[in-house]
Each structure stands twice: as structure tokens, then as C-alpha cells.
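Novice: Residues per chain are reported as follows:
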Amino acid sequence: MSVPIMTPPSAPGYKRNVVIDWNNARTRAIPWLLASPLLVYMAVVYAMPVVAMLLRSLNDPSWSLDHYAALAGDAVFLKVFWITLGTSLAVTFGCVVLAYPVALALSRARSTAPLILMVILLPFWTSVLVRSYAWMVLLGRHGVINEALLALGLIDQPLKLLNTTMATQIAMIHILLPYMILPIANALRQIDPSLPRAAWGLGATPWGTFRQVIFPLSMPGVAAGMLLVFVLALGFYITPAMVGSSSDITLSMLIAQEVEQLNWGYAGTLSAVLLALALAMIGIGQLVPGVSNALRTTKS
Amino acid sequence: MEQALRFPARSGDDNRVRGASVSLTNLVKSYGGVTAVAGVSLDIRSGEFLTLLGPSGCGKTTTLMMIAGFESPSIGDIAIDGASVTAMPPYRRNIGMVFQNYALFPHLTAAENIGFSLKQRGVPKAERARLVSEALELVQLSTYGERYPRQLSGGQQQRVAVARAIVFKPRLLLMDEPLGALDKKLREDLQIEMRRLHAELGITFILVTHDQDEALIMSDRIAVMNEGKIAQIGRPVDLYDRPCNRFVAGFIGQSNFLPAVVCGLEGDVVVTKCQGVLVRAVTSQRPAIGAEVSVTIRPERLRFADSTTERASSANCLNVTVTEAVFAGERWRYVLSSDSGGSMVLNEASGAMIRRRAVGESAEITWSVADTILV
Amino acid sequence: MAQYPVHTINRRRAIRLITAGVGAPFVIRLAGAQPALPEQANVPDILKGSGEVRIANYGGATAEAQLKAWFEPFEKATGIKVRTFPTADTAKAKAMVETGNLEWDLVNLGRGDILKLMKVGDYFESIDYSLIDDGLGKEYRFGFGVEMNTFAQVMAYRTDAFKGAVPASWGDFWDTNRFPGDRAMYGIGAGGPPEIEFALMAAGVPADKLYPLDIEKALASYDKIRKSVAKWWTTGAQPPQMLSDREIVMTTVWNGRMSALQEQGVPAAICWNQGLLKRDAWGILKGAKNKANAMKLLAYSTMPIPQARFAMLIPYGNTNEGANEYIPPQRLAMLPSAPENKKQLVFSNVEWWIENRDIVQAKFNKWLLG
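Chain order of the listed sequences is A, B and C.
If you read the first sequence in my numbering, its first letter stands for residue 2, the second for the next number, and so on.
If you read the second sequence in my numbering, its first letter stands for residue 1014, the second for the next number, and so on.
If you read the third sequence in my numbering, its first letter stands for residue 4, the second for the next number, and so on.
Don't take every hint at face value.
[Claimed, not checked] No more than 30 angstroms apart at the CA atoms, straight line, and that leaves these computed lysine-lysine pairs for DSSO-like:
| id | chain 1 | residue 1 | chain 2 | residue 2 |
| --- | --- | --- | --- | --- |
| 1 | C | 51 | A | 80 |
| 2 | C | 71 | C | 51 |
| 3 | A | 80 | C | 227 |
| 4 | A | 161 | C | 227 |
Hint data in this document are derived by calculation from the structure and do not stem from the laboratory.
Can you make the complete structure from the sequences, with help from the hints?
Specialist: In C-alpha cells:
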């Protein structure tokens, strides 16, 4: 006679044999207890500053909604808001296009998977600053790309690649690519390998299988990746400042400037806008079926 | 022409299509240094229900995957209706397949799952809808077409998987442990239903299973596989009554194996010395005198020889003591030990008409020479 | 004005005496061109003490230079321990004073930061100028702080770009015919206000008539150079980088960033003329626990020899002219405080900027995005 180690909460008859009773209030507290150091840490170093920043937007110098009212009439803010949004969108779509094939390769790879993963994660081990400098070296007027094109005789004059919006987007895509690859690869890896086989067996060509089975089933991963990349792209500062054009001014740069001028209230207000934008995106993401699941790293 | 070939035209209301014949010639599949299939040759007749039976890792699923085209053989050839398909991609083989976990597309409804193959073949929408609803009817799920797989029970999912595999009228249906995930009762119902389908469709079925009961109940022929090779192939009753080696005898049904020495030949009958008495057995081989062999007898073929029981001259007999008695529902299972110390199991139907034996009781057992096999 | 230099003859004389005579610098030249730092062998008793002083600065190379030039010798000479925090920040300073939980005594900010806070409350102690060396320039003194080093926002250019022609003014910077090529100028970011003064000087406004700045005129002037500005920089590292990469031929830059470039042999030079002289300042937090020690360190750091040490460690200018004699001439020539350079520079008017920055910035941002 085997003794059940765990029984569902709805089986009171087995209670005497139950090792972990999730009905018990004390045992239900265990996960919270285990998470409490992190929760305290997050509350102190993350939640408190965010709340303080939001408060500043309301009470600096005195309690009012003046800062928020000022937003609507601030032409610079409106323009920067749309630039930030547009850059984030462009970068997000660029990432999807470039990340998908890599994610597909990663999800298919067996012995080479750790190597591919390492190559993907390599950029994570260098700072954003260093990577932005690397792009300056590549894209510069006398940079690697221009010198190569000149040497090949394809151009007579160096092309203006650096300090352009395109440079900003290229560099941001490079930095954010892993955030797109990993959720997509994760979603692809979670697709039961017998599904594409079933599709083949039913007469679908490899392309038909991809289009009708693999791609639709990877959508939660794509949506999760887009969400991550978009939200992260909203907060970019160094990269557009270093490789972008004068019109690549992001909300973060505007915030930095307000902070430098000690306009804490308005800086807080701009930050609140950025935060609201990010939260709104996450909220929309939650509506797409499977996204919250795809953001998890393990199979559910 | 090709369209017609890939999607055979229907003739009136007759669902029957001639099944494909499949022939495997010396199939070998190795992964790195591991050989999964080590030379399988097999001819499957048109319309046959053939089962590949064996323990896990015996190569049966790999063989099936090679027939389907999901794996390509390292050596050997696969032909369907005499034409080699070894180099043909799976989507052109026109084979129906039911996967172990059904592999239903989770983002499509039951009807869309079933219609998938028709869509690939460019069947017009109206015709598609008609065929899908026919298929749903065939598996008794007419009202479930709009449900997603996750909204269906395991048995319903299995039936959708079957409908999906046959809707495009393939002439060959492959099934990889199709009932493995279901509970016993449902499995038994579906075994009968699969047989019905096989009879109704008339196409060739190849089933992979590790469940001997399932194989015995459903198949026309069973190929028992072990270590990448076919250990024996034959009708269920042949395999059961005449296993040609100890692996088959042990894998299909239960067997008592008693060591014996060959001491004479009487026509087709071999006389052996076993447990201190002479035991006669049948065999297709002609073992040499003095050879050490194993006498194999099914537990339910052993009987207690009561004083009333007629003792045929063709029967073997042995004196034993009951060492264990276990009640198993429709039968009693007795563990017996012979006077020479050999141990064996005897199954006897349970019921008021049959006397129960007590542990420690001495008895004589008897069995037919025809039920005695040498392996 | 009358409030800061409170004359206490004895102390001042004592300090002067030490810096000039008793504490004669012991200068040795190391092998190679790297001159040894002068040593402040002794300090007046008035600067000695006990306990500690807690200093907030910005970390990095400047903090390193402060440590070697000031904090280490100060500890040795006075017996007062120095603890540093690389987290100087106006908002933190404000919060500390408001909550009374002061983690710093002395903080490295700018005069603008200090004046801005003093406009909304009482956040800094007033400076006891009786302890301060006479050599510290009058223009670097204000009620609640002392400017202890200078730096300049100047024009820099590639010397190989114009066939020997040398740009000498903002007019030249704006002259894309005589000096063709792309430029970079400061845009927006955390690097201070936009370079309105340069635009005005390019438009012909004399250096001594700049303030109050005419923002409309400046933007009209900016319009003329806009096409040639390949990059509006946001961080101090960008201009030398772009000069080095030949991405641009001319730029505005902080002078401190140029010496490393010149040491690497990049053919680039600074044009000091019409540059802006900017400054860093010490402020003592109101109610600082070690107020007296903070004052002593502040006084020590503005004595000639410590000032010279700092200027030799990092190419920022000294605010005490007495330091010039301790700095090798070659080094002095690189500094905004060298008399030859300083007279060409325009003294940035912090007081005007703190009153007007918000409006100017908004107009400039709009122009930049337009």
C-alpha cells in the first residue's frame, strides 16, 4: 500500500498521510516567508524611491497637479514623447525581425545550444557604454564600415552613418536583441516537437508547417519579447546620446536635464509618464494570451 | 494527376480504400554510436493491422518514424506499394499518423485540426467542411468540432487525433502508442473502436505499443521487437502458443521456464528430463540429444490432476506442493514447487465450482504436450 | 560683499608666512618629464585639530586628484581624519539638512547649486574667510561657499584640418568657409546650460557685454551654424572622442578632457579665447557635525601649494594665484588659470544663469528639436 506524499486540498480523507498541507495557514505563509528578504530589499531600494519620485511630481514645490497640467502645453515634452515612442517601436520591430531566426536556430540546436547562447549573451557582459563606443568605431566617418566601402571603391565620400537616427536604432537593437531572442526561443522550445511532425505528416511543407503551426504557437514569446524590448527601449539614454542625431532626444535625456536643473518636480512628472507608459504596455501585454506565461523561464 | 494520387477519389458512399502494402528491407538506424534499429525486414500486407510490440528502447518507435519519414534510415529501404519512399519527405508520403500524446495543434479547434490535411491539399472549403463533419461523426464527436483541444477529455482528444489522421483517406495509418495516456477502461473501449475503424476503412494500420494485451486484441499480426531487431513475427495466437525464443515467451503473456535436458526424439515430439520426470514437448527445431533446453509452459495451461481427471497419455505430469496462493479476481494464482525444487506458477479460474488449494497441500499437475514448448 | 573677507591679521599673516617661507616647497624632479608634487611641509596651528571631516565629491579622476593633492597631506599635517563619499548631489544635500541626518560635512558642488538652494532655504554655513589664504581670488569667494578649482568650456580643433589656419574666436567657429568641416556643440543632457554665450560672441556681442544674455539673438546665431553641427554632445567624453576619430574638425569641450588627447599625439589644440571660465565650489552643510574641521579643510585646499598639487594632478585651474609659482611653466600653460589663458576667458555668470536657466533651456530645447 503506497502512501500519498501530497494530495489535492480537496481530499480531506487523506489528511493523516499528508506531508504538506496547503490548507494550513501556517504552511501557506512559507512562500511569502522565503521571498521576504527580496521583498524587503525591493521595497527599500526600488518601491520607496519610485514612490518618492512620484510624490515629488505632486508636491514639489507644493501640492498640486500643475506639473501634469504643464505637460500638455510643453511642446518639447510632446515632441520628445513621440520620438521616444517611435524609436522604441522601430527598435522593437527591428529586434523581432532579427531575433526570430536566431531564436529558431537556438531552439533547434542541441550540442551547439550553449555556444549560441553564449554568443547571444556576450553583449550582456560588456557595458552599454562600451558597446556604444564600439558602434562609433564601426559607423564613424573614418570608421571600419566607411573605410571598407572606400577601399572597395563602392563610395567616393564617407557616408554619414554615425550620429543618425539609424545609428541609434542599430545600436539599440544590438543591445536589446537578447531580450527578444530568449523569450522567443523559450516559446519555440516549449512547442511539442511532435506538432511540426504532425503537420508534415498531414501534408504541410516545411514552410507551411512554420507558417501554420510553429509561428502561431511562438506568438506568446514574440509578444513577450516585444513587450520587454519596448519597455526597455523607452528608458534608453546613453546610446541615443552617443550615436544618435540631434533629434534622437529621449524622455530619459529630458529627465536628466530637468534633474540637473534641480527641477525635481517636473523630472518626477516626466518619470511618471515614462513609468505609466511602461506599465500600460505591460498591461496590454497581459491581455495577449500566453504572454505572462512566456515571460516565465521554465515550463509551466 | 498528382492531386488525385495524394487524395484518392471517393467512390460513392463506400469509405473503403485499398490499404497500402509496406515493405521494409534491412532497415538500420544509428545515432552516433548507438544503434536503435539493427536490421529490420518486414512485409506488411495491404489492409493488414500490424503491431510493432516491444519494451521501450527496442526500436519500434524509431521504425515507425522511419516509415512516416520523420527519421531517415542509416541503411536500408522503405517501399510503399512497391515504390521506394526512403528519400521522400513526410509531407508527400500521404500517411496518416496518430501520435502518442495526440499532437493536436493547440491553437486550432478540433474541426480545424481535422481539416488541416485537407487545407494542405487544397480541398475547397465546402468540401472540407463536409469531410471534417463526416470524420467527426465517424469518431462520434459530431458536436465537438468548435472546441479547442484543451477543452476536450483525453479520450476525445485521442479520437480527434484519429479523425485527423484518416480524414484525407490515407492508405496507411501509423499509430504510436495511441492509447498509452488513457485509463484502462477507456483504453479497452477504444481498442474495440480502433478495430471497428480498421474493418470499416480497410486501410493498413501499423500500431506501436509496449502493451501486449493491446497488441493481442487488436492486431492481425504482431512483430515483437527486441534490441533493434524483430524477435518474432506472426499471428497473435502463434506468438502466444509458439514463441520461438525465451524473450518472446516472456514478453507476451506469462511463462514458466523449467530447465531440462533433451534425451530423445519421438517424431515431432522431443522427450526431455525435467524436474526428475520425463516431459514431452513440441518444437520446430531438432535439438541434439543431451542439449540443455528450457521447457516453457503458460500458467493457465497447467491444471491440477484430480483423481477424477482423465489422464491422457499425451499429457505431462508433475508432483508439486502449493507454496503460495493469491486471489486475482477472475483467477487464483498458485506458486508451486516441484519435488526437485523447481518453481512454477499455475493459474486457475476462480469460482464456486473449483476447489481452492491450500498452501502446503501436495498435488499432481498435468498439461498437454501441445502446450509444452521448448525454447 | 563686505561680509566675507573678515580680516584677522594674525591668522592671515601666519598662513602667508608659512606658504612663502617656512613651508618652502621641496620640489624634486623625477626621471622624465613628470614633475614631483610640491609638499606643504607644515600648516598653521589654526588648521590643526582632531576628529574627522566627511566629504562628498563626485568620485572618479577628480576625487583621485583631491585625495592626493589635499586629503592625504591634510590628514598628515593636521591630524584630522578625512572620509570621502563619491555621491555628492544637491538633492541629497538638501534632504540631509531638512531631515537633520547629516552624513557629510563638506560637499563639492557648483556655485549655482549652492546659490539655488540658498534661495529656497538655509542649507549652507557661511564661510569664515579669516582662515582663507589671501591669494584666493576675490571672484571665487561667495557667502556660502568657496570655489577651489576652475575649468573652461572652450573651442578645440584639429590642427591638421585647416592647412595652417588657426581659429581664434567663435566668429571663426561659425565661419564654415574659412574653416570647413563638421562641428560638435553641447546639446542637452546633464552637462550644464547650453552654450548661449558662444552663439552671442559669434554674432559679435563683446565678451564684457554678454550678460544679460539675449536668447533670441543667440538662437538666430545658432541657426547659422546648425547645418554644420554633426553632433550635439551630451557627455564630456564625446568631443575628444569625435576629434580623435576625425568625425569632426572643431568642437566645444571641457579643457580637462583635452590633455589626454594631446598626450596621445592627436593633432588637436585648444583655443582659449572667448572660452567660458567655470568653477567647482565647496559648501559646508548647515549644522554640519564637523563644521570647524570642514572649514579647515576648505582653507587648506585653497592654500597655494595644495592648489598647485591639484592643478598638477588634473588639468583644472587653481583659484589661488599663489599656486602658479609652484607649477612648472609647461603644465601651467595647459591650465585655464594660467594668466595668459585666464585673461582670454569669460567668467561665466552663475548668478544670471540660476535666475534664467529654466526659460533659456526650454527655448533652446525647442529650437534643438525644431
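Novice: Which numbered conditions among the earlier hints are violated in the structure presented, ordered from lowest to highest?
Specialist: 1
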